[in-house]
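Enquirer: My request is simple: use the sequences and hints to build the entire structure.
Protein chains in written order, with the working numbering: chain A, 23 to 277; chain B, 23 to 277.
It should be emphasised that the hints constitute simulated quantities derived from the structure, not laboratory data.
One or more of the hints may lead you astray.
Each pair may be met inside one copy or between any two copies, as identical chains are not told apart.
Straight-line Cα separation of at most 30 Å, DSSO-like style, residue types lysine-lysine; simulated pairs [unchecked claim]:
| hint | residue 1 | residue 2 |
| --- | --- | --- |
| 1 | Lys58 | Lys68 |
| 2 | Lys68 | Lys225 |
| 3 | Lys51 | Lys225 |
| 4 | Lys68 | Lys51 |
| 5 | Lys225 | Lys58 |
2 protein chains.
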Amino acid sequence: MPNILISNDDGIFAPGLKQLATSMLALGKVWVVAPKDNQSASGHRKTMHRPLRANPIYNVFPPDIVAYAVDGAPSDCVAITLMGLIDEPMDIVVSGINSGPNLGQDVTYSGTVSVALEAAIFGLPAVAFSLSSRMIDADYGPSDSWLRQITAQTLQNGLPHHTILNVNIPPLPARELRGIQITRQGRRDYRDILDERIDPFGKPYYWIAGTEPGGDVEAEGTDIWAVNQGYVSVTPIHLDLTRHEFLSALQAWEW
Amino acid sequence: MPNILISNDDGIFAPGLKQLATSMLALGKVWVVAPKDNQSASGHRKTMHRPLRANPIYNVFPPDIVAYAVDGAPSDCVAITLMGLIDEPMDIVVSGINSGPNLGQDVTYSGTVSVALEAAIFGLPAVAFSLSSRMIDADYGPSDSWLRQITAQTLQNGLPHHTILNVNIPPLPARELRGIQITRQGRRDYRDILDERIDPFGKPYYWIAGTEPGGDVEAEGTDIWAVNQGYVSVTPIHLDLTRHEFLSALQAWEW
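Expert: See below:
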C-alpha cells in the first residue's frame, strides 16, 4: 500500500481537498498536511524567516486519515512533512483539487502546482489537480475516477526526474467529460486591472482586480484548448526553466 | 532615454537595490518600486485577497529616482506599476541585486526572478541580477559594469516572448571576474533540515533550517558551474514549464 501525501492551496477546510483525500483512500494510506487557510496564487515559497506550526486536525476527514494544518505556504507543508513532521516515507504527493484552473502561465503563480514542484525537488512523483470552476462548492464528484486513474498510472509508471503532472478537469457532469488529453502549456491572456480607492483618511490603496483570464483556446494541443473542449488535460511540467532554443542566439550578442 | 523599472525581493532598503538603481542611471530614467521589507524565497505571487499600499520613499536613492515601497510580494510591485501606479510606459524591468545566488531550481522560489517573470507576462524584457554572496553588505561595486552591459545589450537586442535573463555574479573583486558565460539552469542539491523546538507551553514549532545548498559545480555549461569558476552567468529562462520531451512517453501510458 503506497503512502500518499496530500496538500493544496485553498486550505485545510476546502471541499476539493476532502474529495481528493477521500478518492485517494482507494489507492493507499493517506496523510493530509495543508495550509490552515487560503493561499491561492501563493507561488513556490520557503518560509525561513519565522518558525511554522503544524496542528493536528480532527473530524474533517475520514477517520483513517491523519491531518495537519500548517501556518505556511503550500510548498512549506510538503517540505516539513518530508523532512520529518511525519515519520513515514511517502511514495507520491498529490495536490488539490484546486478551486479554479491552473492553465498556461498560471502554473508559475499556483500554490497547487508549487506543492507538486516541491515534491519533485525531494525526488518524489507528484500530481497537481485543479477543477476549472471558481465556485468553491462546485461538484467535485465527477473528478473522482480521473483522480484515481491518473494517480494510479503515475504510481505504476513513475515520472522523469524533476517532472510533475499538472491536471485540469472541466467542470462538467461525469458523462460529459470526454477523456484525457496529454497537453502542452498554453498561453494565458490576463485581464487584471488596478482598482485604486481612497481610504477614509484621503490616502490611496490598490486592489489587483479584473475578470477571468482568457487564453489560446483555439491552439489545439494546449491545456487551455483541452479543458475548453471538455477533456481532462494532463501536462507534464518540470523544474528546468532554461529556454534552450535561445542559448545560441544569446551567445551571439556582442559580449 | 529608456524608462527602467527596478524592483527586488530583499526590500526597499537593501544595498543591492541601491547599487542597481544607481548603475541604471547611466542608461535611462529610473523608477524603483520594491517591497517594503524582505521577501526572500517569496515565489511568484499575486496578492488579491487584500489591497496593497504604495508609499513614496524619500532620501534613500539619488534625487532623480522616484521610489515607492509596497506591502506586497516582488511580483505585486511589478504588476501594480505596469497597471498604472506609474503613468509612464516602461521599456525594461530589472531586478536585484539579490543578496545571494539564484541558481538551479532556486529560480522557482526566487522573488528576484519572479519580478522578471511578471514583467515578461506584461510583455516587457527583463533581467534578474543576483550576487552569489549571503552577506547583505557585500561589495556590490564590482557588479556595476556587468549590470550596465547586460541591461544595455538586452535593451538593444530585445528578448523572445515570455523569456527573461537570470544573471548571477560571483562575489569577487572586479579584476577577478572572468567575463560572461551563457549557461543553462543547473541542479541544486538542497541541504535543508527541520529543526523542531518546544515552546514554553510544551507545544512544538518547526524551523526550515540547514546549510548553504550545493549543486552540480562540475557540470560545465550550467549556471552553478559558471559562478563557481568566476564567470558572470547569464541564463535565459522562460514561462513555459512543459517538459516537451516527455509528451510522447506520457501519451503511451494506458489511458
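Enquirer: For every hint, state whether the structure bears it out.
Expert: Outcome of the hint check:
For the homomeric pair Lys58 and Lys68, the shortest alpha-carbon distances inside one copy (16 Å) and between copies (19 Å) are both at most 30 Å. In this assembly of identical chains, Lys68 and Lys225 lie within 30 Å of each other by CA distance solely across copies; the values are 22 Å between and 33 Å within a copy. With identical chains, the CA atoms of Lys51 and Lys225 are at most 30 Å apart between copies only, with a shortest distance of 27 Å across copies and 53 Å within one. In the homo-oligomer, the alpha carbons of Lys68 and Lys51 lie at most 30 Å apart inside one protomer (27 Å), although the nearest pairing across protomers, at 34 Å, exceeds that limit.
Taking the shortest Cα distances, Lys225 and Lys58 sit within 30 Å of each other only across copies (17 Å), while inside one copy they are farther apart (32 Å).
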